[in-house]
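**Student:** Each chain, written out:
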Amino acid sequence: MINSCIFNKQHWKKSLLVSAILATLTISGCADDAIDGANGIDGIQGIDGANGADGADGKNATADPSMVTSSGFAFPADAIFVQPFAVDGEDITDELVLALFEVPAGATVVLPKGNFTVSETIAIAAADNFTLTGYGINETTLDFTNSTGDDGIRFEGGINIAIRDFSVLEANKNGIKVVSANGVYIAYTGTIWNGPLEEDNGAYGLYPLQSQNILIEHNYAYGSADAGVYVGQSNNIVIRDNVAKNNVAGIEIENSTMADVYNNVAIGNTGGILAFDLPGLTQAYGGNIRIFNNEVIANNAENVGSGAVGIVPPGTGMLIFSVSDVEIYNNNFTDNETSSIEIASYFLANDDVSAYPTTYGATMTDGWSPLIKNINIHGNSISRSGADPRGDLVTDIVAGYTLMLGQTMPAILYGGVGESLSNAGVIAGFNALVGADALADGVNYDPYLAEDLVCASGNIDNNSAASSLEFPEVNIGVVYTANPASPALAYETMQGNSNLLSCTQPRLAPAVVTFRGKKYGCLGDDIATLACAL
Amino acid sequence: MLVAITSLLLTACGGDESTDQVETPPVETTPPVNLINANAGGPDENKGDCDATTEGVNWNALMTETCRNLSDYNLFQDSMNPTENPSNGGVAFNLAVPLFTDYATKYRFAFIPEGKQIKYSQDEVLEFPVGSVLVKTFTMPADTANRDGEELLIETRLLIHRENGWVARPYYWADVTDAKIAITGKTIENMTTTHKGEVKTFSYSVPKASACTSCHSVVPLSQGPDDTRQPIFKPIGPKARNLNIEHVYLDTTANQLQYLADNQVLVGLPTDISTIDKVDIFNDELDITALPHEQVMDTARAYLDVNCAHCHRSELTIPEENYAGPAGGSGLQLEYNRDYAENPQRFGVCKVAVAGGHADYPADVIPGSPDDSYLLFRMSTNDQRHRMPELGRSTVHGEGVALINYWINNLPSADCSKS
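So the protein lines, in turn, are chains A and B. Quick note, in the working numbering, the first sequence goes up one by one and the last residue is 534. Quick note, in the working numbering, the second sequence goes up one by one and the last residue is 953.
Don't read these hints as lab results, they were simulated from the structure. Being a predicted model, the structure only gives us computed values, none of them experimental. Be careful, since some hints might not be right.
[To be verified] Here are the computed distance ranges between Cβ atoms for each label pair:
(1) A:V353 / B:D905: 27 to 33 Å
(2) A:G435 / B:P853: 21 to 27 Å
(3) A:P447 / B:L820: 39 to 45 Å
(4) B:L850 / A:P472: 55 to 61 Å
(5) B:K653 / A:G72: 52 to 58 Å
(6) B:K640 / A:G361: 36 to 42 Å
(7) B:A893 / A:L449: 37 to 43 Å
(8) B:P853 / A:S502: 51 to 57 Å
(9) A:E198 / B:K640: 35 to 41 Å
(10) B:N698 / A:G361: 38 to 44 Å
(11) B:P853 / A:N483: 50 to 56 Å
(12) A:D441 / B:T735: 51 to 57 Å
(13) A:L449 / B:P946: 36 to 42 Å
Where a beta carbon is used, it is the ideal one built from N, C-alpha and C, also for glycine.
Sequences are here, hints too, so could you generate the full structure?
**Tutor:** This is the structure we're talking about:
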């Protein structure tokens, strides 16, 4: 594979783009040997990393189209250009690896314009104020179809990393993974598995994990067999203006706190937008998640996923699962065939209540709880919900509402067995498992107080006159109202609802992302936008 | 060859001490010997020079330069043979349970600058001083039954402890004369070896330099939005429990830890080394069905430790506070020194895969049902989507799979076990 001089096949002399450093690298790195790069690395390290480029707004576009991305991000003068005259289909792995190896602080590395192949995972450790950019989400694509690695691109650690303006295709596992970073900006970036949604498509598309200060905007995630946009075990998160299409989960927030998810489109997924707390993780639980002003449309793909995401019923607009302190408002739901908003405790997935102390005792000590509390659902518009309800998780509930009761599947569905168990005192013994920190943070198994309730108010039946013939009932449904031993299927129309989930909760605080010294989100750059005023 | 080197070493140490040892009964006040790094030299403050001619190891080049040729560092007496006879300052070692790398043979050496010492650590990698270099050469035997026989020299990896921390430098033996820096790695198609009579042909990957961090670093467990700590690069293998075995040296056969201590390059070793954790040797020739049950279970834990726990670890005994392995976040944590009974879910027992997963394998580990356990499946497949470890193998380690199969089969029954 490494059988010719790395850089001398470039027409670098033709290019004003190629920095002086790259020229040095080209000359000295290719003196004789096929396998080298040593001198080249010295060259890269010679770059003055301070470029001060603002990765997040890209305002300083110049007239030269070779120096600016399709989203308007202008490359800094000291940018490092990888294989700038590569031809379509060329494998740029080696050149990219060389450019990224121990990349200096502040560097911007520019992927070439066109469609290229990459044959291994690109791993970047401890990047510092680093930007990886292409020429645009459609202008630069990296195809990992024949890669021998698992993830497409993986950042390990790092501070203020910007990833923008290119697409990753057909990664074996995850598209772009970032673990343990502080400051993650992903924009105008695509992660795509083409063709039908199948189980051997990759796992996560955009995948920051155990990170802080994450801003994900203007991206496109298509075809993931897990989640298109996933943020896990992280804090201070803004996910806005993205399109997630044809994934198992469109956008998923897992064991994360302080997250705002707004202005996104989730379409054609199994489940549009998900918020989960899963047991057994280092960050045991999340919360303070706001999901608002999103378009959640026709999320009816069959579930080809495995593991945790495998439980999501096809036809799910939103699933809030085993996580507390979530506000869902002013979203538009259309054509989600099972239910628009599903709220469920972990008991829906595992109803062996007596086994929880042995199975989940340690993670419950850390604060994970199967319960859901303080869910505030307001001002959402819902239409054409529940046309074909299905999914293993809800088989009995679907049968109950549709076959037994002859109703349309509720558009807002609350699986309240956890609340019912708490109120009946059945799981008060779990309190003994809760560790001191979690207890102080309000985790408990006491009967629900007003502040713990799941509330729905002011949600709108948005069916047209024609649709309302097909969907006569737009209901709120609650499973297990009182007796935890036997499910009762309650329902009431959403408009004029006065009994079920009829309460409100205080508004949650906005998330703030600090990236390269600037603040983003509803208390930052979006302070004056419509969504943030809702 | 062995004889010649032995005499050379003894000469270098200024005496015919083996003869003295025979004639004089050993007494506790025997003057300390140092066959490892006496007169080995070491780095000074000067910038290194890959072209410098040095009598022994080119320490300064190791500290500051990425040299093109492995030979530039002068680590071995014969620059074309990195499998034996290190330059002064180097000592060979083996691990009781090694990481599996496609049935390759590995030759390991630690280089310690003159006057410097390694500090003992009970659970973590021994603390090698700045200036140390860990050198691992990979060869592919023609037949794994005869690892002393014909073999193909593939790659030599250096872990160098510089002032600012460890760095990794991979060298690839494109031909037999010297190894060249391989920042971008190398894929060798049609690598072949015979293992237990079966010819295996596969694509061998020399990892690129940046891939080293995927296994070799621990990452910060963020403590808040202002936490800007970066990952820390660490060696993996040379932990006391994994070094606590006999080794045949040129001058003697001894416990590796004791030998290092006796040669004054290891300090802090407990006086009674029987108190140190010790994992039993595991290799492909071992018949686990003939071993005591407890030993197999323990060896399985040691295997998971070496092959998985560099990533799948969290909190436990990492000396730097609030750091974890890069895959600690998966919830699967497999350190040897983790108490299984305290929380079996950390070992994957009844734990649903958080990321990815596979419909046919409902939990990572289902005691009693290895064939339904996702962990074992991931060890048993070469599919990049599911393969574990992520790096470093293109073949399935049949013996390792059999070991973990035994372990899962014999774990205490759990909620998810089939009744």
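**Student:** When you take the CB atoms of B:P853 and A:N483, is the distance between them in 50 to 56 Å?
**Tutor:** holds, 53 Å
**Student:** Take the C-beta atom of B:K653 and the C-beta atom of A:G72, compute their distance, and say whether it sits inside 52 to 58 Å.
**Tutor:** holds, 54 Å
**Student:** Falls inside 36 to 42 Å, the C-beta gap from A:L449 to B:P946?
**Tutor:** holds, 40 Å
**Student:** Taking the Cβ atom of A:G435 and the Cβ atom of B:P853, is their distance within the range 21 to 27 Å?
**Tutor:** Given range 21 to 27 Å: holds, Cβ gap about 24 Å.
**Student:** Does the Cβ pair A:E198, B:K640 satisfy 35 to 41 Å?
**Tutor:** holds, 39 Å
**Student:** Just tell me: holds or violated, for the beta carbon distance of B:A893 and A:L449 against 37 to 43 Å?
**Tutor:** Roughly 40 Å apart at Cβ, these two residues keep to the hinted range, so it holds.
**Student:** Starting from the range 55 to 61 Å, see whether the pair B:L850 and A:P472 falls in it by beta-carbon distance.
**Tutor:** holds, 58 Å
**Student:** Is it true that B:K640 and A:G361 lie within 36 to 42 Å of each other by Cβ?
**Tutor:** For B:K640 and A:G361 the Cβ distance comes to about 41 Å; the hint holds.
**Student:** That 51 to 57 Å hint for A:D441 and B:T735 (C-beta), does it hold up?
**Tutor:** holds, 56 Å
**Student:** Falls inside 39 to 45 Å, the C-beta gap from A:P447 to B:L820?
**Tutor:** violated, 58 Å
**Student:** Taking 27 to 33 Å as the stated bounds, is the beta-carbon spacing between A:V353 and B:D905 within them?
**Tutor:** holds, 29 Å
**Student:** 51 to 57 Å was suggested as the range; check whether the CB atoms of B:P853 and A:S502 agree with it.
**Tutor:** holds, 54 Å
Going down the numbered hints, you'll see the structure goes against just number 3.
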